[in-house]
Amino acid sequence: MLCLLVATAIALIAVRGLLASIMLTSVYGLLSASFFVTMDAVDVAFTEAAVGAGVSPLLLLLTVAIVGRREAASNARRLVVPLLLVTVTGALLIIGTLDMPSFGSPDAPAQTHVAPRYLQQSGDEIGIPNVVTSVLASYRAYDTLGEVLVIFTAGVAVLLALAPAGQGGSARAEPPAPEHLAPHTILQVVSKLLIPFMLLFAFYVQFHGEYGPGGGFQAGVIFASGIILYGLLYGLPTVCRVIPPPVVEVLAAVGALIYGLTGVLSLLAGKNFLDYSALAADPVTGQHIGIIAIELGVGIAVAAVIITIYYAFAGRLHTRED
Amino acid sequence: MLSQLPLLPVLLPLLGAPACALLRRPLAAWVFSCAVSVLALAAAIALLAATWQQGVLSYALGGWAAPWGIEYRIDLLNALVLLLVSAMGAAVLLGARASVWREIPEHKRTLFFVAYLLCLAGLLGIAATGDAFNLFVFLEISSLATYALVATGRDRRALVAAYNYLVMGTIGATFILIGIGFVYMLTGTLNMADLAQRLPAVGQSRTAFAAYAFIVVGVCLKLALFPLHLWLPGAYTRAPSIVTVFLAATATKVALYVLIRFSFTVFQVEYSILALPLETVFVVLGVVAVFAGSLVAVFEPDLKRGLAYSSVAQVGYMVIGVGLGTVAGLQASLIHLFNHAIMKGTLFMALAAVVLRLGGSTYAQMQGVGRSMPITTACLLLGGLSLIGVPGTAGFISKWYLVTAAADREQWLLVLLILAGSLLTAVYIWRLVETAYLAPRQSPASIAPRALEAPAGLLAVLVVLALANIYFGLDTRLPVQTAGGAANGLLAAVLP
Amino acid sequence: MSTLWLWASDACLLIGSFLLLTGALGFLRFPDFYARIHACGVTETLATGFVLLGLLLRSDDAMPQVKLVLILLFVLFSSPTASHALAKAAWNAGVRPRDNSGKRRVSLPHTDP
Amino acid sequence: MDVFSYFNYWVVVVLMMLGFFIVIARGNLVKKLIGLNIFQTSVFILYISAGKVMGGAAPILADGVELYSNPLPHVLILTAIVVGIATTSVGLALVVRIHAAYGTVEEADILEQDATC
Numbered sequence: 000m001l002c003l004l005v006a007t008a009i010a011l012i013a014v015r016g017l018l019a020s021i022m023l024t025s026v027y028g029l030l031s032a033s034f035f036v037t038m039d040a041v042d043v044a045f046t047e048a049a050v051g052a053g054v055s056p057l058l059l060l061l062t063v064a065i066v067g068r069r070e071a072a073s074n075a076r077r078l079v080v081p082l083l084l085v086t087v088t089g090a091l092l093i094i095g096t097l098d099m100p101s102f103g104s105p106d107a108p109a110q111t112h113v114a115p116r117y118l119q120q121s122g123d124e125i126g127i128p129n130v131v132t133s134v135l136a137s138y139r140a141y142d143t144l145g146e147v148l149v150i151f152t153a154g155v156a157v158l159l160a161l162a163p164a165g166q167g168g169s170a171r172a173e174p175p176a177p178e179h180l181a182p183h184t185i186l187q188v189v190s191k192l193l194i195p196f197m198l199l200f201a202f203y204v205q206f207h208g209e210y211g212p213g214g215g216f217q218a219g220v221i222f223a224s225g226i227i228l229y230g231l232l233y234g235l236p237t238v239c240r241v242i243p244p245p246v247v248e249v250l251a252a253v254g255a256l257i258y259g260l261t262g263v264l265s266l267l268a269g270k271n272f273l274d275y276s277a278l279a280a281d282p283v284t285g286q287h288i289g290i291i292a293i294e295l296g297v298g299i300a301v302a303a304v305i306i307t308i309y310y311a312f313a314g315r316l317h318t319r320e321d
Numbered sequence: 000m001l002s003q004l005p006l007l008p009v010l011l012p013l014l015g016a017p018a019c020a021l022l023r024r025p026l027a028a029w030v031f032s033c034a035v036s037v038l039a040l041a042a043a044i045a046l047l048a049a050t051w052q053q054g055v056l057s058y059a060l061g062g063w064a065a066p067w068g069i070e071y072r073i074d075l076l077n078a079l080v081l082l083l084v085s086a087m088g089a090a091v092l093l094g095a096r097a098s099v100w101r102e103i104p105e106h107k108r109t110l111f112f113v114a115y116l117l118c119l120a121g122l123l124g125i126a127a128t129g130d131a132f133n134l135f136v137f138l139e140i141s142s143l144a145t146y147a148l149v150a151t152g153r154d155r156r157a158l159v160a161a162y163n164y165l166v167m168g169t170i171g172a173t174f175i176l177i178g179i180g181f182v183y184m185l186t187g188t189l190n191m192a193d194l195a196q197r198l199p200a201v202g203q204s205r206t207a208f209a210a211y212a213f214i215v216v217g218v219c220l221k222l223a224l225f226p227l228h229l230w231l232p233g234a235y236t237r238a239p240s241i242v243t244v245f246l247a248a249t250a251t252k253v254a255l256y257v258l259i260r261f262s263f264t265v266f267q268v269e270y271s272i273l274a275l276p277l278e279t280v281f282v283v284l285g286v287v288a289v290f291a292g293s294l295v296a297v298f299e300p301d302l303k304r305g306l307a308y309s310s311v312a313q314v315g316y317m318v319i320g321v322g323l324g325t326v327a328g329l330q331a332s333l334i335h336l337f338n339h340a341i342m343k344g345t346l347f348m349a350l351a352a353v354v355l356r357l358g359g360s361t362y363a364q365m366q367g368v369g370r371s372m373p374i375t376t377a378c379l380l381l382g383g384l385s386l387i388g389v390p391g392t393a394g395f396i397s398k399w400y401l402v403t404a405a406a407d408r409e410q411w412l413l414v415l416l417i418l419a420g421s422l423l424t425a426v427y428i429w430r431l432v433e434t435a436y437l438a439p440r441q442s443p444a445s446i447a448p449r450a451l452e453a454p455a456g457l458l459a460v461l462v463v464l465a466l467a468n469i470y471f472g473l474d475t476r477l478p479v480q481t482a483g484g485a486a487n488g489l490l491a492a493v494l495p
Numbered sequence: 000m001s002t003l004w005l006w007a008s009d010a011c012l013l014i015g016s017f018l019l020l021t022g023a024l025g026f027l028r029f030p031d032f033y034a035r036i037h038a039c040g041v042t043e044t045l046a047t048g049f050v051l052l053g054l055l056l057r058s059d060d061a062m063p064q065v066k067l068v069l070i071l072l073f074v075l076f077s078s079p080t081a082s083h084a085l086a087k088a089a090w091n092a093g094v095r096p097r098d099n100s101g102k103r104r105v106s107l108p109h110t111d112p
Numbered sequence: 000m001d002v003f004s005y006f007n008y009w010v011v012v013v014l015m016m017l018g019f020f021i022v023i024a025r026g027n028l029v030k031k032l033i034g035l036n037i038f039q040t041s042v043f044i045l046y047i048s049a050g051k052v053m054g055g056a057a058p059i060l061a062d063g064v065e066l067y068s069n070p071l072p073h074v075l076i077l078t079a080i081v082v083g084i085a086t087t088s089v090g091l092a093l094v095v096r097i098h099a100a101y102g103t104v105e106e107a108d109i110l111e112q113d114a115t116c
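Residue numbers (numbering that gives the first Met the number 0), protein chains in the order written: chain A, 0 to 321; chain B, 0 to 495; chain C, 0 to 112; chain D, 0 to 116.
Note that these hints are calculated values from the structure, not bench results. Don't take each hint at face value.
Among chain B residues calculated to face chain D with C-beta under 8 Å, some are [unchecked claim]:
id	residue
1	A97
2	F132
3	E139
4	R156
5	V159
Which stretches of chain D does chain B cover? Using the computed rule of at least three CB atoms under 8 Å from a CB of chain B, they are [stated by the list, open to error]:
id	segment
6	22-31
7	53-63
8	78-84
9	94-104
Backbone N, C-alpha and C fix where the C-beta goes; we use that ideal spot for every residue, glycine too.
Can you make the complete structure from the sequences, with help from the hints?
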């Protein structure tokens with residue numbers, strides 16, 4: 000598996016042309032997701048599959064559709080310094096690995112110091128089987144709030160960079176649907192069948208995150224993918240009519256606020272920020288309520304931001320075609 | 000509410016940002032952001048007072064105790080940086096209106112303030128957290144917001160500057176992430192206080208060495224320490240004026256805080272300064288930075304860009320202080336951190352006014368500006384004098400402590416070099432004086448001189464900042480005592 | 000779980016893997032874009048079907064079985080559609096199939112504008 | 000076995016350096032971001048490898064399972080993945096703007112244009 004990853008990365012260096020690079024990036028994402036499964040990191044694998052093999056190649060493709068797929072030959076003279084830098088850094092890293100605890104050992108400090116508490120007591124303290132969700136949404140909930148704000152920041156940043164001068168957000172000057180879209184009948188029919196199931200699946204992932212792999216982030220990505228697929232097949236104007244960009248932009252902020260206000264609620268109840276045990280008489284019930292609330296916030300924010308980013312890029316593509 | 004105090008300075012802008020995004024009108028967004036940042040400042044002041052009285056404050060986020068949950072741990076150092084960042088954040092925002100309205104197109108203004116608040120929240124989060132990974136998350140919030148802010152500059156070169164900053168910044172952040180990963184593998188914990196206890200046992204391993212090296216390189220990329228400074232001049236020069244003021248006054252300062260925190264708390268001084276040759280490395284790189292930055296600044300035709308290079312030089316002074324590895328050196332470094340934020344805040348704020356009225360900040364454009372914009376130019380000059388280190392200004396205090404610290408270690412060559420660096424600063428400030436007062440005004444007839452002075456809001460903030468240069472040059476209790484306390488807290492356990 | 004089921008499952012998995020292999024071979028060896036798509040698209044759908052069937056025969060819980068059936072359905076929908084989309088995109092982009100000699104382009108009357 | 004115990008980490012290092020190389024050696028701005036992506040993903044592999052316990056199960060509590068892999072690195076990497084995609088999207092947005100302003104996404108051409116004006 001890892002050798003395949005290395006092969007993909009080498010191929011990435013070798014190929015010229017951005018389209019092939021993007022395909023290889025997608026392959027790389029999928030391979031690393033499979034690797035994460037073999038490492039027992041099912042939640043991470045899920046996310047990496049959605050992001051590494053899905054969203055990020057999609058954004059790359061949109062970009063390449065705007066800027067062109069050519070890549071100039073790199074200058075051989077420029078290779079010496081990078082090679083040197085890379086070798087030095089690599090050597091330092093190899094030195095660093097020499098004294099590491101050996102791979103997979105249950106006695107390594109990482110396995111014996113903080114983590115055991117999560118595995119042994121989260122069942123009683125939080126009361127849900129997926130320990131990753133417990134840690135993510137409760138023990139280290141503040142990191143996750145930060146994560147939501149990172150993705151929110153990304154949405155703000157993309158809008159700041161790409162928003163056209165027109166009033167409020169993405170392209171409203173509706174261009175006529177490009178003609179080559181018309182004969183996509185088969186795709187449109189099949190996607191019409193599949194998209195409802197994708198959205199349904201997103202909801203399943205959203206609320207099943209406590210018991211199995213999944214949660215707000217993955218659900219948000221899947222939901223957004225469904226919408227984006229719709230947009231790709233039916234054109235940006237159509238999907239903008241279904242879900243108007245200003246609404247999505249507001250939802251992104253609302254998602255982040257749901258998360259934050261859940262924390263503020265526990266503040267007002269006299270406990271620390273994000274201490275969900277304040278939310279109900281029974282601490283474990285409180286944890287449940289808190290986790291569901293913040294996962295909802297995460298899901299809304301992530302889906303909204305990804306759709307916003309898609310609108311911003313696709314809007315650029317449209318204005319370019321005109 | 001008092002027990003929640005450590006959280007408030009960060010939480011207010013953090014949640015204020017998405018709330019601000021809901022406001023449609025730019026003016027409302029600006030008023031709201033100002034309110035939020037002033038409240039954060041008030042919280043930071045209260046926090047500093049509380050830290051003086053009660054010592055280290057700890058706050059368990061989510062109610063989970065330290066190594067399992069995320070902890071905010073505020074000692075004097077955190078409180079000082081929090082105060083500095085929130086004060087500059089609020090001040091810059093209060094004076095920002097005219098400049099933002101001039102430089103940012105209308106449909107982007109609300110988002111601009113949202114990004115500003117996010118950047119502020121990220122920087123404050125870095126300064127408050129006691130958890131290594133949480134630090135990375137907030138670092139990314141502030142970085143992403145910064146890239147967006149830099150890219151809003153009107154010149155297309157702003158885009159390239161932002162892109163370069165993004166690539167360099169992400170490499171830096173990923174290096175930090177690698178370092179944190181190594182440390183985690185060695186100790187099993189992410190909490191800084193816990194790390195400090197558990198690292199000495201494995202401190203001799205090569206993994207710990209690599210971890211420290213990666214964290215230092217990553218932070219130095221963010222700090223723009225000499226060979227890694229390439230992103231800074233472009234980003235500072237091309238960014239909108241207000242963003243430059245804010246970044247120059249806060250971003251590198253927070254990076255320096257991270258360097259100090261990892262060197263002295265997490266890895267501890269025996270390891271990071273005494274056992275490794277870093278002492279020499281920091282001092283040498285610092286000196287090189289001082290001279291390289293100042294020399295470029297002397298010959299640079301654009302004052303804004305010149306001051307950006309001067310920031311590279313000033314970071315050099317701070318790193319020299321860190322590299323001395325003594326309480327006095329660290330104290331000097333922290334005092335300079337505080338004072339430099341005020342000086343550069345003043346200088347870039349004045350330039351914001353100049354750019355607002357004259358459309359640019361090259362020496363050619365600024366000829367005779369001393370007569371058309373007397374107050375602004377006076378403030379600019381005051382900041383410049385402070386930058387040189389003229390007695391009676393804040394800059395003098397930091398230079399004085401730095402020189403004393405170097406003299407304590409009997410590094411006379413270093414003392415000499417620091418003084419020589421100040422002379423170089425004097426050269427480019429003199430060039431400013433010459434341009435502003437002695438050169439004939441460029442087009443005297445075309446513009447009425449009275450209309451040129453900066454708008455009241457901006458001017459008020461600018462004057463307050465400039466006066467702060469003098470105030471902290473005379474009444475040095477706040478920075479000196481706090482920095483001294485913080486330096487003692489970091490080093491007293493180890494050094495006499 | 001009788002051995003018979005296990006044998007059947009093994010057989011399905013083997014057939015599936017073999018088909019995937021032929022698909023990969025065709026992808027590498029076939030002369031033009033459309034033939035390659037054909038090799039992958041057709042074998043992949045069938046092969047995934049066999050692999051999933053093999054897994055289905057092995058699992059004894061209800062939940063994984065339901066999931067496998069759903070995946071199977073999804074693959075039956077998405078895989079041919081994806082091949083179709085690829086071929087169509089290639090056609091729109093101006094890629095034309097070649098004849099047996101692998102050299103001359105087949106000219107189709109209605110494609111020229 | 001001793002050699003194999005570091006195999007994962009060494010692969011990570013190789014991947015990291017390949018990504019890093021693309022970032023600094025390539026002049027195409029999109030390609031640089033792809034390299035950055037590889038660079039970040041390799042760090043994810045480092046963390047996840049550190050959390051693996053031989054013979055452990057995925058950290059979803061179930062009856063009768065005693066040994067689990069470490070959930071903490073998983074949580075950290077979930078966050079890091081989000082950070083990665085956020086950075087990528089902001090970078091790509093900048094690339095689109097740069098293309099609009101300069102008409103090219105090759106570093107050399109951009110430097111040339113800036114030098115002349």
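Hints, one by one, checked against the model:
1. A97: This interface hint is violated because 26 Å lies over the 8 Å limit.
2. F132: 6 Å, holds
3. E139: 5 Å, holds
4. R156: OK, holds: R156/B within 8 Å of chain D, min 6 Å.
5. V159: 6 Å, holds
6. 22-31: holds (count 3)
7. 53-63: With 0 residues closer than 8 Å to chain B, the segment 53-63 of chain D misses the three-residue bar; violated.
8. 78-84: holds (count 3)
9. 94-104: holds (count 5)
Hint check: violations occur at hints 1 and 7; the rest are consistent with the structure.
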